[in-house]
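J.: Please build the complex by placing chain A on the supplied structure of chain V, with the hints as guidance.
Chains as they are written, first to last, in this note's numbering: chain V, 124 to 224; chain A, 773 to 939.
Derived from the structure by calculation, the hints contain no laboratory data.
Computed from a predicted model, the values in this text were never measured in an experiment.
Idealized CB from N, CA, C, for every residue including glycine.
Among the hints, a few may not be true.
To be verified - Covered by chain V, per the in silico footprint, the following chain A stretches (three or more residues, Cβ under 8 Å):
| hint | stretch |
| --- | --- |
| 1 | 786-794 |
| 2 | 809-823 |
| 3 | 902-913 |
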Amino acid sequence: MEIPLEHVIGLSAMLFAIGMVGALTRRNLIVILMSIELMLNGANLAFVGFARAWNSVDGHIFVLMVIVVAAAEVAVGLGIVIALFRNRESVNVEDVSLLRW
Amino acid sequence: MSAPAVFFYLFGAAAVISALAMVLNVRNTVASAMSLVVTMISLAVVYVVLGAHLVAALQIMVYAGAIVVVFLFVVMLLNLRRDEFSQPRERLAKLAGVVFALGGAFAFLQLVPQSLPTVQAIPADFGSYAAVGRALYHDFVLPFEVSSLLLLAAIVGAVVLAKRRIS
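Next up, chain V with everything else stripped away, as it sits in the complex (with noise of 0.2 Å):
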């Protein structure tokens, strides 16, 4: 059996919402970066599914690409993280409102 198309991008979007949950309701940084890898496999799954579904591997790079960037995404933010906790002894977000207008 085959699994039908609708049934990926279901997962895909659960994820997704998932992660976007976590990234508007949680206060630390670091678990609101963990949110964001999350949204980034959401989409990742979506692109191989509909890779599947036109039979072209041209989604999988796309997902390589993801990759690339979650994981330069991932070093930058938590040097942020950490340069930030040297600054204010703290990860939560609603003590970093500098650039906040």
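T.: Chain A alone, transformed into the frame defined by chain V:
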């Protein structure tokens, strides 16, 4: 139900449950990171079922192997205390979640079945290392090279940001 379909639904459910465990766990950030590992590995199994073998291997190596290790390293380095949900926005987030879920379910049920292609039988070497590598080094060689520049910039940026200031 065939074995690949069983694996898809089993590990898809595992990915969703562990993603929820990651987002809802406010006591322990290390446990959140371990839930993220479970999500990544479950998604790798889903990728194998969907024929993306190279992507599945990279998912385990890069996400479960490297990214989550960096997360755990930073969590243990900073020695974090208990986290809480954002209080002032909690009601707004719940309302937005209900609206988003209902709207998404409606759009999903109404629109998606009419426009999606049906899945055909896929060739044996679909998603293999050879097929993806051929596409990567023929059609997508410029993005591939640019991504190496991006990684270099990210490495330099991370080192500069995390470096201890020496006065």
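J.: Against the earlier hints, flag every one the structure doesn't satisfy and list their numbers going up.
T.: Of the numbered hints, all hold.
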